[in-house]
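Residue-level listing of the chains:
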Amino acid sequence: MALIHLSSPHVSKANATDRVMRLVLLATLPALLALTFFFGWGSLIQLCLAATSALLFEAVCLRLRKRPILFFLRDGSALVTAILLALAIPPFAPWWVVVIGSFTAIVIAKHLYGGLGNNPFNPAMVAYALLLISFPVEMTQWNAPFVLIGDSWKALASFPESLMIIFSGVNHHLIDAYTGATPLEVLKHRGGMTTEEVWRNVPVLSDGVFAWYGISAAWLMGGVFLIYRKVITWHAPFAMISILFLLSSLFYAGDPSNFADPFVHIGVGATMMCAFFIATDPVSCATSNRGKIVFGIGVGALIYIIRTWGSFPDAAAFAILLMNLAAPFIDHYTQPRSYGHRRANRGIGGGR
Amino acid sequence: MNEFLLILISTVLVNNFVLVQFLGLCPFMGVSNKLETAMGMSLATTFVLTLASVCSYLVYRYLLLPFDITWLRTISFILVIAVVVQFTEMVVHKTSPLLHKLLGIFLPLITTNCAVLGVALLNIQKQNNFIESIAYGFGAAAGFSMALVLFSALRERIAVADVPVTFRGAAIGMVTAGLMSLAFMGFTGLVRV
Amino acid sequence: MTTIVTAVLILLLLALVFGLILGFAAVRFRVEGDPIVEQIDALLPQTQCGQCGYPGCRPYAEAISNGDAINKCPPGGQSTIEALADLLDREVVPLDSEHGEEQPKTVAYIREDECIGCTKCIQACPVDAILGAAKQMHTVIVSECTGCDLCVEPCPVDCIDMLPLPVTPTNWKWPAPVSDPNLILTDRGRGHLLQGGSQ
Amino acid sequence: MNPELRKITLDGLWHNNPALVQLLGLCPLLAVTGSVVNAIGLGIATTVVLVGSNLTVSLFRHQVPEAVRLPIFVMIIAAFVTAIELLMQALTYELFLILGIFIPLIVTNCAIMGRADAFASRNPVPAAVVDGLMMGIGFSIVLILLGAMREALGAGTLFSNMHLLFGETARSWQITLVENYRGFLFAALPPGAFVGMGLLIALKNLIDAKLKQRIEKSKSTQTDPVASKRVRITG
Amino acid sequence: MQELLNSIRRNTLGISLFAAVTAGLIAITQVLTQDRIAANQEAHQARILYEILPQSLDPNLHLQTLSLPAPELGMHEPIRVFQSIVDNQVQAVILPVTAHDGYSGDIHLLVGIWRDGRVAGVRVVSHRETPGLGDKIEVEKSDWIHSFDDLRWWGEQDQRWNVRKDGGEFDQFTGATITPRAVVRRVADTLAYFEQRKAQLLTPVTRTATSETERGHPNES
Amino acid sequence: MTRLYSFHGGVHPPENKRQSLGAPIRQAPLPARLILPLQQHIGKPATPLVAVGDTVLKGQKIAEPSGHVSAAIHAPSSGSITYIGLQPVPHASGLESPCIVIETDGQEQWIERQPLTDYQQLDKQALIRHIRNAGIAGLGGAGFPTDIKLNLGRDHIVNTLIINAAECEPYITADDALMRERPDEILSGIEIIAHLLQPSHILIGIEDNKPNAIKALRDAIRARKLPIDLVVVPTRYPSGGEKQLIQLLTGIEVASGSIPADVGIVCQNVGTAAAIYRAVILGEPLISRIVTLTGFALGHRQNYEVLIGTPFSVLLESAEVDRSRMFRLVMGGPMMGISIEDDRIPVIKTTNCIIAATREEMPPSPPAQPCIRCGMCEQVCPASLLPQQLFWFAKGREFDKARHHNLFDCIECGACAYVCPSNIPLVQHYRFAKSEIRNEEAEQLKAAQARERFEARQARLAREEQEKEQRRKERAEAAAREQARKKAEAEQADAGEQDPEAELKKLKTAASIARTKLKKARDALKNAQEKGLDGTDKLEATVLQLEQSAQAAEQAWQNATGVQH
Ligand SMILES: Cc1cc2nc3c(=O)[nH]c(=O)nc-3n(C[C@H](O)[C@H](O)[C@H](O)COP(=O)(O)O)c2cc1C
Ligand SMILES: Cc1cc2nc3c(=O)[nH]c(=O)nc-3n(C[C@H](O)[C@H](O)[C@H](O)COP(=O)(O)O)c2cc1C
Ligand SMILES: Cc1cc2nc3c(=O)[nH]c(=O)nc-3n(C[C@H](O)[C@H](O)[C@H](O)COP(=O)(O)O)c2cc1C
Ligand SMILES: Cc1cc2nc3c(=O)[nH]c(=O)nc-3n(C[C@H](O)[C@H](O)[C@H](O)CO)c2cc1C
Ligand code: SF4
Ligand code: SF4
Ligand code: SF4
Ligand code: SF4
Ligand code: FES
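Protein chains in written order, with the numbering used here: chain A, -6 to 345; chain B, 476 to 668; chain C, 791 to 989; chain D, -4 to 230; chain E, 2 to 222; chain F, 159 to 723.
Keep in mind that a hint or two might mislead.
In the EDC-like style, the derived pairs of lysine to aspartate or glutamate whose C-alpha atoms are separated by at most 20 angstroms in a straight line are [to be verified]:
no., chain 1, residue 1, chain 2, residue 2
1, F, Lys684, F, Glu661
2, C, Lys963, F, Glu601
3, F, Lys684, C, Asp948
4, F, Lys677, C, Asp886
5, A, Lys181, E, Asp167
6, E, Lys166, A, Glu190
7, F, Lys175, F, Glu601
8, F, Lys175, C, Glu943
9, A, Lys6, F, Asp377
10, D, Lys207, C, Asp903
11, F, Lys675, F, Glu627
12, C, Lys895, F, Asp281
13, D, Lys214, D, Asp203
14, F, Lys666, C, Asp886
Among the chain F residues that face chain C by a calculated CB cut under 7 angstroms, a handful are [as the list claims (entries may be wrong)]:
no., residue
15, Leu244
16, Gln245
17, His249
18, Leu253
19, Ser255
20, Arg589
21, Ser593
22, Arg639
23, Gln641
By construction, these hints were calculated from the structure, which means they are not laboratory data. Glycine is no exception: its CB is placed at the ideal position from the N, C-alpha and C atoms.
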């Protein structure tokens, strides 16, 4: 017969954290396909590498912390982290980049804090930021989408070639043939050209921008799916995208030659991925709905500021980390008004 | 105006005293366990830092320079700061015993907060004028306060997390500060100096 | 030589001014009394058992405010240590086992037919929780007894027992949920074990 | 060794290490530990100041009026620091340039002030000097460890640029760990300093826990009843 | 009242006593080390200068300076040019210039130019470029900076004074084009400036500088 | 039609109500023993009025309220009292508490009933006293003594009476069955309540998943032409929670820490209304109630009219339980009910449902995973709390912060735990935290009290010391005088015989003390020997010595008693 002290409720919804994670994995599929379509096999290979190494590191950490390994491996959170990391780094970065990245994400950013659910910073973004400042060369060498270097998908590196580039790295001429700056980088280091001139003259933008638009659309699809399945709420993505759109429109309207247009900010780079997959990471985001809106606004504004005046063309990772570190503070000031209270309990009061 | 905005952005974000310049770390690690205390410490430090900036400027400009004894700057600044802090401490102790106890040993230790002497020395190194000195001191304090307050909120969250025993306490605090510093690297380049 | 003289003079000047200010402040802003003692005392369990090595809770509170360790009160146990650490912004430390170990709350019961009415226990009880006159049997007022066990030792016929309070539906507490120990071990719990040593 | 001095020594080097346990003096600790040579330079300077200030404070501990205690202590420390600063400028100018503002900032190294106030002002001269020395060495060891860690990871070398401190012959002391190392910039940048320090503290925790376990094991075989320090407060 | 006076007297006395003693000690140290420090400072400044132009050429190089306005080089304040004078003829000059469009902040350079317009050498005094990427402009890190040696500038249409990516002759670093581009441009500008102000630059100065007044760093402005 | 408002959150678990609605309410068998806990309500336990061996009649009051917030208890059937003492009761702790046990005689012999059919003519206080005497405590949830809620007239103005017919929890159909079959009882009860409270507005809130009950009530209301609004609310758990229902029907929030009456609302369950009808019109105290027996381990799933005090086992047998399939036994609904491990416990006034669930129905919850702050709990919390934050604080024992996040506004509805993907027993965490906080508060109170007593004692001792000093001085003077006098009186006879009684007692005490000392010494010796400490020889010597002196003392006492007798 039943145990005593079993607390109510005695039923629960068929719902599980692993299912949530699987849905997120599913939602990254369109973006994975789009990346593979435009940039070749690189992303797929990175993904396999990231997933294997992340699971491995996770298992080692669990082992060291004397936790049941399979139980936790099954929750799929390490895979989500791995995939987001793999899709964020350049498709043809050398293998050790992604392995160091998984190590940082899983060991430093996640397990030092106690594993799933405990980490204050987004593991994938910690890894990305660390890689970016440690290996700027490898991390800024994006290859060009096939629309720029040939007229068909065949122009990209074949699968064996891709493997060779990633694992041996010797094939420098191969890399050089493919790499180029991303649109955001081009716009940032435009060397005196106006925005319009850049759009007209630089092939990445004039011809290749559709690749980026396509990828953004794929992320957007995944995001909408997640909202539809109630895995995430609309608050953070909506707040982030609208504030980014607002800021970029304002500045662009003020000085169209010097500031990038809103379409670039929204449609190019990691914006969509960040909005739907990263700013929504439940663990490291703010807690309440209102908090999520503040979080989103912060991320959007910081992305714009860093992209426009800072040193990093794609600022998503830093913006996310900065807001991650502000999230607990935001939580203090965005506690919702509870039933029966005239005002919400804001601010500190946890002390005494 | 623009000038001051730049100084503020530079000291608060880009060259954050704690996270990038490594000044004022002891109170940063020591008083960040509770948000409430952190806020008290922030206020105290802001006050002292701004005041120290002013006093040290005056001492440098009107005592040390005229007599060409600039090599006495360390000792004279620290003397000024120590006195200002001690005076503040006495006043706080008398007027608000609770605040005094909350800040514990750290109020006298504001004297030995590197940020305070650091701001005085950097003011000279950067040849800031009087107004700039104030702005710089205030900016440094604001940057310190921001980092401290955010960090303590973060630490409160970490305190209920399942951190491995070996890392609990100062160790995870350091790692967190490192990740904060990593995040702040995102501001690199906002202001070019 | 002049450099040396100027240097000394200037610093002397500064020092004079500051000495004046601080000398003035030292008297003007002198603080008497220490309200923190009250706060510390309020956190102590008031069992008045003396296990901390001080005669009662308040003396220990004074000692703490003068820098003594916060881990000497076994009746208060870990939760009191945490509260004190919180108040004083000190590190949380495990209970000092030299002063005893944290034990479940108990109250004293006098086996009344054995009591000889010597009144020794009444003299020992710090909170006057024992009723009775000389040569009559004594009883403990359960609701007032703090469980300090100071009355046990003086009893010449050993008729006082320290018994744990019975659990009834009214004073029963929900336990913290325990998950399958093989699955979720929190490091928090283990941390206590590790730090707390053998207990 | 005299048990008291032994305790002071152990405290300084391990149990109450200023950097690992008290978390004092963190600023120079993190700021200048990009390489071993910086660490050694700052370590020596700090130790000298610590010993000097502890000595002086302890000497005059009965003469200092309470209200101006702190200002006087900082003046003593500042005097030592300025002297060191001037000497370094005279003797190892290049190193002085690298360590930069952190030499005058030794004044505000909380560890020094902390020792002066908490220890030297209450203890006789020999104890104070030993304490200063041990705290200084403890601090320096951490400095050097962190410096070595960051230099090795960040640049793939150890002991580079030692000539700045030890003269030209020391140029050859450099050990290159990995040829053509690409450099792991993270270690060299501020975040790396924090994380490295975090790892060092964790390492100390780990060792402490292991030591404790061992002591416990050996203890559990003996039975020495704990003497209760209880005080009887009533009749 | 009595207590107040007492307190003030005691505290003031104490603090003053210590102030006097410590100030005295510092002052004595200062007097003792003064000369040595001054020499060190001078030597430090001069070291880079003599890396560009050998000391054997003119040992007084670091003392012979000339102030010139240089708005063409984007400097608001006059720059201090060092002249290497042999037999009363300026053999070469060293110009301190700053490249503003580096990756993260200003790059301070010293550009040495022979009297015939060839580059004598370029050195980076200080910069904030990314270690491992942009810092290859340091002579300790790579000898890229030597690629300027002995080059000349043939006027605006000279396409060689560009990084390879922009169609010039200078290598960029893998992954970092901005830093070398900024340095190359600034050196080219400096050569142009030299051609323009040749007359002034090549007029020998009498020794204006003494070690006492020239305490500052060449690029400290 | 009144306007419908809405409350935040809520869930919609599978209803599982159909199964128990197949048959009409059935009378449960009369058990051989009725067990009546003295505490079936909120407040102080009742005080027994009977003793073991008494015979009681059906409806006889056997325990009376002790204090303002308390309720009387009546014998549900005739028989004799066989036991008064600890018995297992339906409580989450599974502990025992004081009960009265009645051995039934099968006669069902009623005490004389005292109906108040002319209640409208009566003084309101008399009517309320009558209800109090009937032992009615809320049948809907917490079991709050109803007379108190109806006695608000003086210090509260009640303008809305809400009758809670929501029955929002899955499985339970007791109120539904009552409304279908006895709508008139309910309405008469409402009339009585309305007479007492004089509300300007009466609302019945009912979920839209009970069409038959809605129809029955609507017809009855129409037939009686009563000014009652029957409001059909959407099915969403926990719309039946008092505060949620109030918000749903009126849009008003009851401020934290206050009661509905503070905003002019009283909320009563339909069952309570029917019970009031029975008490007033029929003169029957609260001795039975309707209980839903359901769950797939039962052969007959339906509603029973059950005497209070009937053991669960009797009901389960009567519903043909298949014990091999019964995996979990729950009293109440699946969301808020408590799990029972001992089926001898009795039905009490608040027992509305017993679920004998199979393993498939209520499987053991899978092991909890870490909280990922996914926020699903937050979306469903009807109190607009942040359940995940509460959980983190409870787990980290940061009770102050939990409190700052309004822990005490949590109604323990379980919606959050129901949706949590990580299967965290959230409600238990909150209950734990609440217990700890309450405990801490109690301890603080006790500490303050102890300090006061300690300080008073210190003061007393100081005073006594002073007085003693005073007296000593006086005595010294007196002694000096006495001595002088003594000297004057040269020789005198010795003092007379001592009081033999006192002498005896002294000897007895001495013997007793000696024995104890000996025992202590022996214990110490044994202890020392076991541990192999040195110095045992000394102890042995002490023991020997003590043995002798104890013997001597014993002897002396023996002799003395011998002499006496
Ligand atoms: C963290 C970071 C630091 C960088 N530092 C430099 C630098 O110091 N110098 C530089 O020229 N480029 C630097 N870059 C690279 C630029 O972003 C840009 O990719 C490059 O200069 C353009 O080179 P390309 O035209 O060869 O693609 C850095 C990039 C990153 C992400
Ligand atoms: C501790 C407590 C005190 C209460 N005091 C009063 C009261 O003074 N007056 C009143 O009318 N109702 C009072 N109530 C009744 C509540 O308002 C509510 O009707 C009752 O608890 C049933 O609600 P539930 O089953 O939703 O928990 C009290 C309830 C509790 C739990
Ligand atoms: C989550 C929750 C759900 C509840 N659901 C119901 C319900 O469906 N029907 C009901 O009558 N009482 C329900 N209650 C109890 C009511 O809040 C309240 O106690 C009752 O309506 C008061 O009436 P009474 O005093 O007549 O019992 C629920 C309470 C809670 C906390
Ligand atoms: C909607 C959603 C978004 C997520 N986004 C991230 C992410 O950006 N980075 C990451 O490392 N993990 C992400 N995760 C996975 C998981 O939360 C992560 O592994 C934890 O941060 C590790 O504790 C996400 C999970 C969900 C459900
Ligand atoms: S040990 Fe604790 S309870 Fe006992 S006297 Fe000391 S402070 Fe009071
Ligand atoms: S009765 Fe005994 S245990 Fe209880 S308080 Fe008094 S002395 Fe202490
Ligand atoms: S539903 Fe569960 S996992 Fe999600 S936030 Fe709430 S408690 Fe955490
Ligand atoms: S149990 Fe409490 S926290 Fe959870 S949903 Fe219900 S009211 Fe909210
Ligand atoms: S060393 Fe900088 S604040 Fe302590």
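Non-conforming hints, listed in increasing numerical order:
1, 4, 7, 8, 9, 10, 11, 12, 14, 15, 16, 22, 23
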